[in-house]
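Asker: Given only the sequences and the hints, what does the whole structure look like? Please build it.
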Amino acid sequence: MTCVRRQTLGFCRAARKIHARYEATRRMQHLLIDASRSSIEIARTRRLVRVTEQKGWKLAEQFVRTRLARQLHQYRSQLDSTIGQLETQKVYLASEAEIVRDLIALGEEFEQVRFDARDDRLIVTTLPIELEGTWLGPFAVGLDLKSLSTISKGYYDVIALDPCPSRTRDDVTHPHVQSGELCEGEAQTAITNALKQGRLLDFFQIVHGVLGTYNSSSPYVSLDDWNALRCNDCGDTHSPDDGYICGQCDDSICSGCQSICTTCSEIVCGSCSKRCESCQESVCEKCVQECTDCDNHTCNDCLTEKRCKSCAKETEEAESEDESGQSPIQQHPLPEVHADGMGQTAVLA
Amino acid sequence: MQILYINNDGAGFADYIEVEPGLTVNQFFSQRNKGLATDFLIRVNRQSVAANYVLQDGDRVSITPTKIEGAIKGAAEIRSSLSRIGGRKDDLR
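Protein chains in written order, with my numbering: chain D, 709 to 1057; chain P, 7 to 99.
Don't read these hints as lab results, they were simulated from the structure.
Accuracy of the hints is not assured; some may be wrong.
Label pairs and their computed distance ranges (CB to CB) [stated by the list, open to error]: (1) R826(D) with N58(P): 40 to 50 Å; (2) N39(P) with D827(D): 33 to 43 Å; (3) G41(P) with L869(D): 29 to 39 Å; (4) V712(D) with N51(P): 16 to 26 Å; (5) L869(D) with T72(P): 16 to 26 Å; (6) I867(D) with T72(P): 15 to 25 Å; (7) I791(D) with Q53(P): 34 to 44 Å; (8) Q33(P) with N935(D): 40 to 50 Å; (9) S36(P) with R775(D): 29 to 39 Å; (10) G41(P) with I968(D): 33 to 43 Å; (11) A777(D) with Q53(P): 46 to 56 Å; (12) N39(P) with D949(D): 39 to 49 Å; (13) N58(P) with L780(D): 50 to 60 Å; (14) R752(D) with Q53(P): 55 to 65 Å.
Partner residues aside, some chain D positions facing chain P, computed with beta carbon under 8 Å [unchecked claim]: (15) S747; (16) H884; (17) S887; (18) C891; (19) G893; (20) E894; (21) A895; (22) T897; (23) L909; (24) Q913; (25) I914; (26) G917; (27) S926; (28) S1028.
Facing chain D, from chain P, some residues (calculated, C-beta under 10 Å) [unchecked claim]: (29) I12; (30) N14; (31) G18; (32) F19; (33) Q53; (34) A56.
Values in this document were obtained by computation on a predicted structure and should not be read as measured data.
For every residue, glycine included, the Cβ atom is placed at its ideal position computed from N, Cα and C.
Answerer: Quick look at the structure:
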């Protein structure tokens, strides 16, 4: 059996399964229409409201009114959903043969088409994508056929096969893809309608059209900042040429936040930089110590026997006092002062 | 004669329409779209065809833009609201 024939047979099997999914969706619509029989329940609840009103049963009336409101809300959403599904499918719904032709065409238009029967997923691989000179690599668009009936969030994902995410956000592999989810923008309705009608070729072509286009007004990360680094101090982005790496923690920092240690000349970030309380110069963590007396940060240049300048001075003065046996005041006595009346007592005549 | 016309521009729809016999793909595109043909993938029965291909009864013609702008969720809705109230696209930045 030739490779092409085997592939076509595979597509036929896949199309049968996909079509069965669409048929299940169609059956579900009938169920939804049948579900409109809930209008009978609504009529019953309305009767109950009337009875409770007539009887003056306030508490019961409140209870059935709440139930009626809930039933009406449910009924409305059921009708909206059914109308929406009927309107989009009344014009066109792909047959099994159409789906086979779509799958064959997908195989011709895209790098690879694969049907994962176990997970019920149709996976199409694109050619490598490059936007405005930024290489993003190929993407795998995986359609979850189990979710076809709802066409709700997460029914397909877009996974970078050779991820080149933005430097600031690992989860953004394309300006319009975050955590594998494509933000469809202008394509949203076209994608939904293509899927609802079983037009798989159109669906993948539209998704590919979005992946191949850069909307500079609304990206997760703009291409200008794609290779930019985020400063760990201020949070702003900067180009790799305009940034620095902290010599202590290896964090990326911008030129505005970097500081140079005055002792060892190493470039450090704000977290790894300390200010010497004695000389007020910026120093790195390696070149700073805490004064053993006052715990103030002190650079190595200002340290004297592990003390900052002021504590060292105080210690020096205390030591010299000890040596002379007198306090500094006693060494330099102040002139005697006699206060008026001090030590005198009034004597009665 | 009747063809299946699939327009993936905008909302995207598929519908059977009547066209006059002898109509070429190029003429059909000009009737239906204002843009340049080079900005669209035009397929007849899922295949690329020459611009002067004459449409046949029962053909499936799909027109898909090659450039479709994605956006952060909600931005498209905000943009359309802005345009309704006279705001500018740049206001979103």
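Asker: The structure should be examined with respect to each hint, and the outcome stated for every one.
Answerer: The hints, checked one at a time:
1. R826(D) with N58(P): 40 to 50 Å: holds (47 Å)
2. N39(P) with D827(D): 33 to 43 Å: Holds - the Cβ-Cβ distance for N39(P) and D827(D), about 38 Å, lies within 33 to 43 Å.
3. G41(P) with L869(D): 29 to 39 Å: Check passed, 31 Å falls within 29 to 39 Å.
4. V712(D) with N51(P): 16 to 26 Å: holds (19 Å)
5. L869(D) with T72(P): 16 to 26 Å: Between L869(D) and T72(P), where Cβ atoms are some 22 Å apart, the hint holds.
6. I867(D) with T72(P): 15 to 25 Å: With Cβ atoms ~22 Å apart, the hint holds.
7. I791(D) with Q53(P): 34 to 44 Å: holds (36 Å)
8. Q33(P) with N935(D): 40 to 50 Å: This hint holds: roughly 46 Å between Cβ atoms.
9. S36(P) with R775(D): 29 to 39 Å: Given about 59 Å between the Cβ atoms, the range is violated.
10. G41(P) with I968(D): 33 to 43 Å: Check failed, 56 Å falls outside 33 to 43 Å.
11. A777(D) with Q53(P): 46 to 56 Å: holds (55 Å)
12. N39(P) with D949(D): 39 to 49 Å: At 45 Å between Cβs, range holds.
13. N58(P) with L780(D): 50 to 60 Å: Holds, since N58(P) and L780(D) (Cβ atoms, about 58 Å apart) stay within the stated range.
14. R752(D) with Q53(P): 55 to 65 Å: holds (58 Å)
15. S747: violated (31 Å)
16. H884: holds (3 Å)
17. S887: violated (12 Å)
18. C891: holds (5 Å)
19. G893: holds (3 Å)
20. E894: Holds - the Cβ of E894(D) comes within 8 Å of chain P, reaching about 5 Å at its closest.
21. A895: holds (4 Å)
22. T897: Interface hint status for T897(D): holds (4 Å vs cutoff 8 Å).
23. L909: Nearest chain P Cβ about 6 Å off; hint holds.
24. Q913: With a closest approach of 5 Å, the Q913(D) hint holds.
25. I914: Holds, because the Cβ-Cβ distance from I914(D) to chain P comes to roughly 6 Å (cut-off 8 Å).
26. G917: Where the cut-off is 8 Å and the nearest Cβ of chain P is about 4 Å from G917(D), the hint holds.
27. S926: Holds. Min distance 4 Å.
28. S1028: violated (68 Å)
29. I12: This hint holds: I12(P) lies near chain D, its Cβ roughly 6 Å from the closest one there, short of 10 Å.
30. N14: holds (5 Å)
31. G18: holds (3 Å)
32. F19: Hint on F19(P): holds, closest Cβ of chain D at ~6 Å, below 10 Å.
33. Q53: With a closest approach of 8 Å, the Q53(P) hint holds.
34. A56: violated (18 Å)
When the structure is compared with the earlier hints, violations turn up for hints 9, 10, 15, 17, 28 and 34 and for no others.
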